[in-house]
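Colleague: Chains V and F, in that order, are what the protein sequence lines are.
So for the first sequence, my numbering puts the first residue at 6; every next one is plus one.
So for the second sequence, my numbering puts the first residue at 674; every next one is plus one.
Incorrect hints may have been included.
A few chain V residues that face chain F, going by a derived Cβ cut-off under 10 angstroms, partial list only [said to hold, decoys possible]:
1) ALA22
2) TYR41
3) THR67
4) ALA94
5) THR98
6) TRP119
7) HIS123
8) ARG126
Reference listing, derived: stretches of chain V covered by chain F, where coverage requires no fewer than 3 residues with Cβ under 8 angstroms from a Cβ of chain F [unchecked claim]:
9) 51-62
10) 73-82
11) 146-158
Covered by chain V, according to a simulated footprint, are these stretches of chain F (three or more residues, beta-carbon under 8 angstroms) [to be verified]:
12) 777-784
13) 816-830
14) 849-858
No wet-lab data here; the hints were simulated from the structure.
Even glycine gets a Cβ: it sits at the ideal position worked out from N, Cα and C.
Chain by chain, the residues:
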Amino acid sequence: MGAASTRARSRWRRAAAAATFAAVVVTQLALIVFAYGTPKKELGWQMFSESSQWKADVVRVTRDGRRVSVSEPFDGYWWPDLTGPVGVAVPWTRHHADYGIDATLRDLQGALDWAASHTPRDRATLRYEADITYVQNRRGPFRRHLESATREVP
Amino acid sequence: MTAFFDARGSLRGVALLRIALGPLVIYSLWPYLREVDAGTWYGARYHAPYIASLPTLPAPLWHALIVVGALAGVCIALGLYARTACVTAALVIGGNMLLSETHYHHNRAVLTIVLALCALCGPARELSLDAWRARRRGHPLETSGLLWPLWLLRFELASTYLASGTSKLLDPDWRGGVVTWDRVLQGRPLMDRSPLPTAFIELISREDVHWFFGKSAIALELFVGLGLWSRRTRLAAVWFAVVFHVMVEISARVQVFSYLCLAALAIWVVPSVGDRRIAYRASAPRAARLVALVRRLDWLGRFQIAPSSAADGPALTLTERDGTVFEGGAALRHIALRLPLTFWPLALMSLPGIAPRADRLLARLLR
């Protein structure tokens, strides 16, 4: 009970404690600095970095040149099922850009590529395209176009 | 330096945090538990592992890991094999984030780090089934522990406020209030349907208000991150941290973040127990009842409580750790300031000019 006390410990235990302490502090500080260069600011604790909003028209470009919205199910697939419970699952409604626009665009590009390479029953789609409209901290609207890699369709 | 790494003290605050971590682990894993229940799996949808060579886990294995993580949450709350449970939960939540960038959220990352450092502290020394079992076996656990892991935990938690505040300070949109103004305007339709007074909604929708509010929010975050380190400013920093997290919880979806940070405020208490003494006159029934309540609310073990043998004199006396003595209403106010559930309103009652009136009001409770 009462105030903190000290008790002598072996030299190696103390050295291990000092090494752990220093490693955690230095790693955390490095991650905070490094996070300024990454889209999602992992372990950099940059909370609520933007108020940006976005929406996108995501389409399948088929072999016959049609552009079909991914909001329609196709060949047993559906975009929200392919992308799951993340911000890009329902791109046709306006969303807050969690972790900022850069992270959102990166996620959306990843989702386009993933869908292109994980839908083997779909024999019609050549590629996925997204036309994104976003407002970044009240500036804009800006527009971006993203495309998946072109699929090998038999 | 040697003394720093050898220093020991009470880790009661960590034990209190550990109890809160259990439900937070389950809350954090809840979306994935629902997937387990529905039979769905992250591998069947877009995912992007942080390490390219990480394989996509088979559904049964991933489901098992999520369930193990949730069970670890239960063990953490109960303090049953608490250290192992903390490490397990940290590995499951942290590992799940490594499996896909889409699983990453700052609040989950903070939770993972807190769990790992909590394990390092030795989270089961008090308020745990582990401690109860050890007592029953006749080998009670030592309640004091090494303090350097606690300092590491404090560093990590303070760094979230400081890094976040600094990033906003460096961002002209945050400094200028654009980000908060835009968020309020986005939430305006919701506010218009709420019972909030129209004048208030109009006020917080004004750009010039956010020019001031943006800077205030940054200053608040930085003050919390810095103020927690000094005993002189700690109480104010904790008070403002509560305000900050309540504001965040109301205005944004942050999963476990607010609850985690509020629970983690417990680790900022001085790591010693029973270093304040409460004496109450046994013949004063109201004082005896209040002291019984204090016993139940003294989760951080800050008081030694004993009845006073004196037949008359003050109904309640508090002797602070520096020897300062408070009596009657002032004693009650200072006691309530040290209890987690009552400190927040009592801090307001301790402002200069208000404290004497508060003491007179509280003294009535002792009569």
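Colleague: None of the hints should be skipped; say for each whether it holds.
Modeller: So, going through the hints one by one against the coordinates:
1. ALA22: holds (5 angstroms)
2. TYR41: Status holds, d = 8 angstroms.
3. THR67: Status violated, d = 21 angstroms.
4. ALA94: At about 9 angstroms, which falls below the 10 angstroms cut-off, the nearest Cβ of chain F leaves the hint on ALA94 (chain V) intact, so it holds.
5. THR98: For THR98 (chain V), the interface hint is violated, since the closest Cβ of chain F sits about 13 angstroms away, which is over 10 angstroms.
6. TRP119: holds (4 angstroms)
7. HIS123: holds (8 angstroms)
8. ARG126: Violated, because the Cβ-Cβ distance from ARG126 (chain V) to chain F comes to roughly 14 angstroms (cut-off 10 angstroms).
9. 51-62: Result for this restraint: holds, n = 7.
10. 73-82: Our answer is that it is violated, as 0 residues pass the Cβ test (under 8 angstroms) against chain F, missing three.
11. 146-158: violated (count 0)
12. 777-784: holds (count 4)
13. 816-830: Since 8 is at least three, the answer is holds.
14. 849-858: This one holds; 6 residues, not fewer than the three required, reach chain V with a Cβ under 8 angstroms.
The earlier numbered hints that this structure contradicts are 3, 5, 8, 10, 11.
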